[in-house]
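A.B. asks: Sequence:
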Amino acid sequence: MTQTEFESLGFMTRAVLEAMAANDGDAKAASKATGSSVRSVQSIMCRMRKRFGMSSGELLDAVKNRTELAR
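FYI, in the working numbering the residues of the sequence shown are 1 to 71.
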């Protein structure tokens, strides 16, 4: 996932991915952080895994790397 791909995602999708990365993949904690339901968080993660062809761990590592680069 490139920085451009990450930035092209919708606001809520980025927020969920960042919350999941910050909480080490804990959907319940990410749902509290974003105000979304756990089911919505899981749905977004599933769509992003399919879109980028990555496992959950790879996707969260990529998000962590992108957010660290942006800071």
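Hints listed in this document are in silico derivations from the structure and should not be mistaken for laboratory results. Watch out, some of these pointers could steer you wrong.
Lysine-lysine pairs mimicking DSS-like chemistry, simulated, CA-CA at most 27 Å apart [claimed, not checked]: (1) K64 x K28; (2) K50 x K32; (3) K50 x K28; (4) K64 x K50; (5) K64 x K32.
A.B. asks: Each hint needs a verdict: does it hold in this structure or not?
C.D. replies: Taking the hints in turn, this is what the structure says about them:
1. K64 x K28: holds, 18 Å
2. K50 x K32: holds, 24 Å
3. K50 x K28: Holds: K50 and K28 sit about 21 Å apart, inside 27 Å.
4. K64 x K50: holds, 18 Å
5. K64 x K32: With Cα atoms ~19 Å apart, K64 and K32 stay inside 27 Å; holds.
Going through the hint list in order, the structure satisfies each hint without exception.
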